[in-house]
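Colleague: Given these sequences and hints, build the entire structure.
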Amino acid sequence: MSFPWAKNYEPQQPLMKWLDEKLPLPRLVYNAVGAGYPVPRNLNYFWNFGVLAGAALAIQIITGIVLAMHYAANAGVAFDSVEHIMRDVNAGWFIRYAHMNGASMFFIVVYLHIFRGLYYGSYKAPREMVWLLGVVIFLLMMATAFMGYVLPWGQMSFWGAQVITGFFSAIPVVGEPIRVWLLGGFAPDDAALNRFFSLHYLLPFVIAGVVILHIWALHIPGSSNPTGIEVKDEQDTVPFHPYYTAKDGFGLGVFLLLFVALTFFSPNLLGHADNYIPANPLSTPAHIVPEWYFWPFYAILRAFTFNFLWIDAKLWGVIAMFASIALLFFLPWLDSSPVKSSTYRPLYRKFFWVLVVDVLILGYCGKSPAEQPYVIMSQLAAAYYFAHFLIILPIVSRIERPAPMPNSITEAVLAKHADKSSASATA
Amino acid sequence: MRRVLRAQTGRPGIRANLSVQPCKGNRMASETNLNAGIEDGVRRRDFINIAAVSFAGVGAAAVVLPLVNQMNPSADVLALSSTEIDISAIQSGQAIKTSWRKQPVFVRNLTPVEIAEANKVPLGDLRDPQTLAERTKTGKENWLITLGVCTHLGCVPLGAAEGEPRGDFGGYFCPCHGSHYDTAARIRKGPAPKNLTVPPYDFTSDTVVTIG
Amino acid sequence: MVRPLGFLVGLGFIIALLCAIVTTPLSNEPQAAHAFHKHPRHLALSSDGLFPHWDKAKLQRGMQVYKEVCSACHSLNHVAFRDIQDLGYTEGQAKSFAKGFQVPSINPDTGEPATRDGLPSDHFPAPYANEVAARAANNNALPPDLSLITKAREGGKDYVYSLLTGFQNPPKNLPKELQPATGLHYNPYFANLNLAMAPPLTDGQVTFADGSPNDVKAMASDVSAFLVWTAEPKLVKRVWTGWAVFLYLLIFTGLTYMAYRNIWADKEH
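Residue numbers (the numbering used here), protein chains in the order written: chain A, 1 to 427; chain B, 1 to 212; chain C, 1 to 269.
Bear in mind the hints are in silico, worked out from the structure with no lab data behind them.
Owing to the predicted nature of the structure, the values given are computational and were not obtained by experimental measurement.
Beta carbons are placed, not taken as given, at the ideal position from N, Cα and C, and that holds for glycine.
It is possible that part of the hints are untrue.
Unchecked claim - With beta-carbon atoms standing in for the labels, derived distance ranges: (1) B:F47 x A:N268: 51 to 59 Å; (2) C:P180 x A:S198: 32 to 40 Å; (3) B:Q103 x C:N130: 30 to 38 Å; (4) C:F97 x A:Y111: 24 to 32 Å; (5) A:Y111 x C:H34: 28 to 36 Å.
Modeller: What follows is the structure in structure tokens.
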């Protein structure tokens, strides 16, 4: 489906005409990310991050396939095989560091993509399905990243696997059998390492599949935009190509600059020294920390220290951690305001920024040792996190009086430019 | 109106064309018309777009290099490229099987009879004409060192170990597709196109050979 | 339906958290060791920063210190003799250096465990056959492998250098429970202050062919530089490759920005 004024794919050369009859793949691309996809003309740079996330996924898949050619998923040699890649394989150090930091870059752009979705209300009707599929992608990414981090079989890999599979043992009765089943043993070892490798190789392709669904679902209503007002006529849109391909090309350049700086100049900045120590099942590192992208969730996990009702603290932590992500699935229905963009939601905007700070605090607490004042900070921040989504948001969306909105995207754009030119005229 | 203003003040290329191709009042403001009607502007724009895309292409090609090169032998594999063999224990008429670069190597101490047999064969009868002297080191004609890799499809021929069949010509016999090699390990019968390969080697002393 | 249920779930989490806040003590358990623990001192090396190079003479001296001192207890598993060509040695020198080591092998006639001369393709041999042997010889402490040590410790080379030069007498006010037990040595740069390793370096212990200073600090600095190299032999190449890629990308980004501005020149947005 698309807007009636969308350009139609008209192959010129005989070969392309023939291909279009037999397998209209070029037509698909043309309509998906080519001139055949009309996009609101007023997208800002926050709309770059979808394409960048796709680029990050591609980088991870390519470097990952290459690394798998040299990696050995066996507890006895996994660590050495990674060092073999770093030292002896041609350009191995580059490929491994790119994969390692590519994971961080992937999460950076996806977090900004989620930020965009939350600020501009992209999760709301008619784009609920886009949002739901996005949350599925996020969950798959977390699983993939966790299993990938286990593969080098360093101390953090091993103890990360131990701790995270330990979550399941919090479940009453069946928890411990589930954990043993997941690990294929009583502690992480060959069986766990091999299945993590297998799944770490598989899941990115599952992610790619869900990404296609995500884009498909997006193309039904078309892209959202910073005003949150739906497209009304042709004036409101520009064709994706060349307008947004050019803008995304520039965005890709900036993304790669940051990626390259990290990979070549400070590849271990976001890593942890302990993971350069081979896994030792008999000795736990002094301070176990997950990778930075899990810090906020790790903080929520650790914030629950009280056996409330008949559920013990450990299980509360695990439930809350999963709930903190699962509640995103209900977001389109928790927020009932018809206004999408925070630009026109003065009250929601305030709470939204509190949430952003709150998640940053959670992240900081997740990184810090389980001592005061970090414990109480994480408890307060976790409380706000749940309050924001489950209590504040539904109430705000009911009582809020939105600011006056323009009638159309074009009107908003013209008003912005009129402001600018009158400002420069008076200056 | 703003567009007209910009065109007159901002861009030399556009202004030059405006004089050549006077525009018609209101249509001047239309974006597409401004784009399409001005040749110089179009060319300059195309140039930058083409430059950006080609530059990206160069970068993509440069990234492919390491991704392809990683499949070449790694430094530790290349480091195994030379092997030393002690040949002092090999009696006349015996052979040993050893390995170089993870490939089997046959080292045979030829008997005078085998040498004579090899030298008797007219070169014209050979599929891959080579004399025994060309396949050994001067003064060490009794030491025949070859890869144990059949030149047909890479099986390991029989004949190096005691009691194995040595084929119709008393050298090596490949059981996979029936290639027969003579006492100088030259192909005589069967599908293999070439003689068994002689690897690069040197005698470091009378009893030690370095292959590779 | 979603909103009332969500409200209840949210309330549940918040009450559980409030109970947790009320019941968690606000003070931390005192950790006396913290007060005596010191941050590593900075060691400046030519391989630091954004414009690094290897100081090969220094790395060679560092390798000599490793060979003559550290290698008695510490392995260097990930480094092969062929690798030392990076330090400015020729292929022949690497070969004869390797020959100076005995590496585990088997007797070709009997199959019994034996040793043979090292080859360039061999890795530095470990001083102990296995972990049990290493612990038995070291008062139940395990000397860690040093190949990755500057990447495997917080503080990296600074930590290694500080540790090597940081042995000292315990301060007078050190609580009794923190004082070194028999066989342990006080070192404020070590996490729990007491280290099983005795001070490994003494002034003048190693004599360098180039006549460089051989006091404890100089030797510690040299061996730390060497261990930076063993941890990441591709470090210098990595940074300079990074510059080439970075400059390429700057131009690429500039061009794409111009293309973007051009394409959008006539579209208000």
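Colleague: None of the hints should be skipped; say for each whether it holds.
Modeller: Consistency of the hints with the structure:
1. B:F47 x A:N268: 51 to 59 Å: The hinted range 51 to 59 Å is violated for B:F47 and A:N268, with Cβ atoms some 42 Å apart.
2. C:P180 x A:S198: 32 to 40 Å: Taking Cβ atoms as reference, C:P180 and A:S198 lie about 48 Å apart, which means the hint is violated.
3. B:Q103 x C:N130: 30 to 38 Å: Cβ of B:Q103 to Cβ of C:N130: about 33 Å, so the range 30 to 38 Å holds.
4. C:F97 x A:Y111: 24 to 32 Å: With Cβ atoms ~50 Å apart, the hint is violated.
5. A:Y111 x C:H34: 28 to 36 Å: 34 Å, holds
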